[in-house]
Amino acid sequence: MMAAEDSARVARAAARPVGGELVEQFNTDVQRLAVAYLSLPPFAMFRPLAALREQIFAAIDSYPNPAHLGDLYLAAGRVTALLAHASADLGQPVAADAHARAAWLCADHAGHGELRVYVRWVQANVAYWSGDYAKAAELAASARPYATAGSTLLRLASQEARAHAARGDAQAVERALGTGLDAQDSAADATTSEPGVFHFAPGKAAYYSSEVRLSLGGPANLRRAVADATRAVELLTAGPVAQHSAELVAAGRQDLAAAHLALGDVEAAGQAVRPVLDLPTEMRTTPITGRMRALGQHLARPAAGSAVADLTEQVALFLAYPAVRSLPA
Numbered sequence: 020m021m022a023a024e025d026s027a028r029v030a031r032a033a034a035r036p037v038g039g040e041l042v043e044q045f046n047t048d049v050q051r052l053a054v055a056y057l058s059l060p061p062f063a064m065f066r067p068l069a070a071l072r073e074q075i076f077a078a079i080d081s082y083p084n085p086a087h088l089g090d091l092y093l094a095a096g097r098v099t100a101l102l103a104h105a106s107a108d109l110g111q112p113v114a115a116d117a118h119a120r121a122a123w124l125c126a127d128h129a130g131h132g133e134l135r136v137y138v139r140w141v142q143a144n145v146a147y148w149s150g151d152y153a154k155a156a157e158l159a160a161s162a163r164p165y166a167t168a169g170s171t172l173l174r175l176a177s178q179e180a181r182a183h184a185a186r187g188d189a190q191a192v193e194r195a196l197g198t199g200l201d202a203q204d205s206a207a208d209a210t211t212s213e214p215g216v217f218h219f220a221p222g223k224a225a226y227y228s229s230e231v232r233l234s235l236g237g238p239a240n241l242r243r244a245v246a247d248a249t250r251a252v253e254l255l256t257a258g259p260v261a262q263h264s265a266e267l268v269a270a271g272r273q274d275l276a277a278a279h280l281a282l283g284d285v286e287a288a289g290q291a292v293r294p295v296l297d298l299p300t301e302m303r304t305t306p307i308t309g310r311m312r313a314l315g316q317h318l319a320r321p322a323a324g325s326a327v328a329d330l331t332e333q334v335a336l337f338l339a340y341p342a343v344r345s346l347p348a
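For my numbering, count along the sequence shown from 1 and bump the result up by 19.
It is possible that some hints are incorrect.
Below, simulated SDA-like cross-link-like pairs (lysine to any residue); rule was C-alpha separation at most 20 Å, straight line [stated by the list, open to error]:
#1 Lys-154 with Ala-191
#2 Lys-154 with Pro-112
#3 Lys-154 with Glu-40
#4 Lys-154 with Arg-186
#5 Lys-154 with Gly-187
#6 Lys-154 with Arg-120
#7 Lys-154 with Asp-90
#8 Lys-154 with Glu-193
Hints listed in this document are in silico derivations from the structure and should not be mistaken for laboratory results.
Go ahead and model the full structure; you've got the sequences and the hints to work with.
Spelled out as structure tokens, the structure:
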């Protein structure tokens with residue numbers, strides 16, 4: 020890995036003035052980091068992302084061939100959007116917003132709809148995990164005009180549905196879910212334009228759907244929540260283990276546990292969430308701890324039995340050690 024990165028640095032240094040080779044190297048670097056984001060902790064991603072962004076903006080400032088300017092802004096915007104995502108995952112909403120605004124400006128310069136969608140999704144995520152569900156739904160909806168390719172529409176529809184469900188707006192939920200269902204086919208496979216974390220996988224959409232049903236409540240919705248979360252875990256653990264995203268799988272398992280718990284099945288909830296309790300500290304992002312905190316609150320309700328007490332204790336221990344919240348200097 021280090022040898023490849025060294026070669027990439029040589030290629031970037033040699034490609035002066037800015038030309039097609041340098042732009043291609045930047046695109047390769049962005050794709051590599053987008054794929055790495057699925058398996059590495061956000062904290063570990065921050066410095067490589069910041070370093071690459073600095074190099075890309077230096078290239079933009081060097082008055083490159085206008086033919087390459089759009090591609091350079093796209094690469095800069097993608098890296099900056101990933102910095103926004105990492106900041107949000109580490110519980111830093113102010114930094115996330117600053118990076119997101121910069122990424123949006125880059126997307127404007129590049130004229131790139133998919134990047135605009137990703138940026139608005141990150142901003143909606145920040146609003147959602149801050150408890151501002153109306154703003155989360157509004158931000159996701161505002162990017163609809165740009166959701167014309169790949170998994171972009173599925174990403175926005177899933178986010179809208181989740182936010183509307185948290186607000187208790189069942190009609191808006193069903194509209195958003197219907198849109199997401201229509202977008203499933205075009206979102207099935209990652210493409211070169213949506214590398215790594217830029218692709219909104221069907222497995223992720225499935226656990227968003229589970230969260231929707233869990234928020235709406237009622238026996239029928241809770242049973243669907245179990246089914247959706249089960250499907251999410253199956254999809255996210257398919258294929259080689261090395262390609263699994265520990266954080267996404269953990270989210271699916273947490274939603275499965277929450278659905279079982281809402282149906283009163285503490286034993287099944289414990290089985291579902293137990294692997295998540297072993298998640299390394301650096302992977303315990305804001306969304307992961309947010310879901311775990313909700314589980315803990317449900318367990319705190321009056322109940323009898325040692326199983327509940329044991330699970331409550333393990334959840335509390337998990338929450339005592341979240342991912343590092345400070346950003347690298």
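Structure-based check of all given hints:
Pair hint Lys-154 plus Ala-191 holds up; C-alpha atoms about 14 Å apart against a cutoff of 20 Å. Proposed proximity of Lys-154 and Pro-112 is supported: the alpha carbons are some 14 Å apart, at most 20 Å. Between Lys-154 and Glu-40 the alpha-carbon distance is near 41 Å, which puts this suggested pair outside the 20 Å criterion. For the hint pairing Lys-154 with Arg-186, the CA-to-CA distance comes to about 11 Å; that is within 20 Å, so the pair holds.
Restraint check for Lys-154 and Gly-187: the C-alpha separation of about 14 Å stays at or below 20 Å, so the hint holds. Under the criterion of a C-alpha separation no larger than 20 Å, the hint pairing Lys-154 with Arg-120 is consistent with the structure, at around 16 Å. Restraint check for Lys-154 and Asp-90: the C-alpha separation of about 31 Å exceeds 20 Å, so the hint is violated. Between Lys-154 and Glu-193 the CA atoms are separated by roughly 19 Å; this keeps the pair inside 20 Å, and the hint holds.
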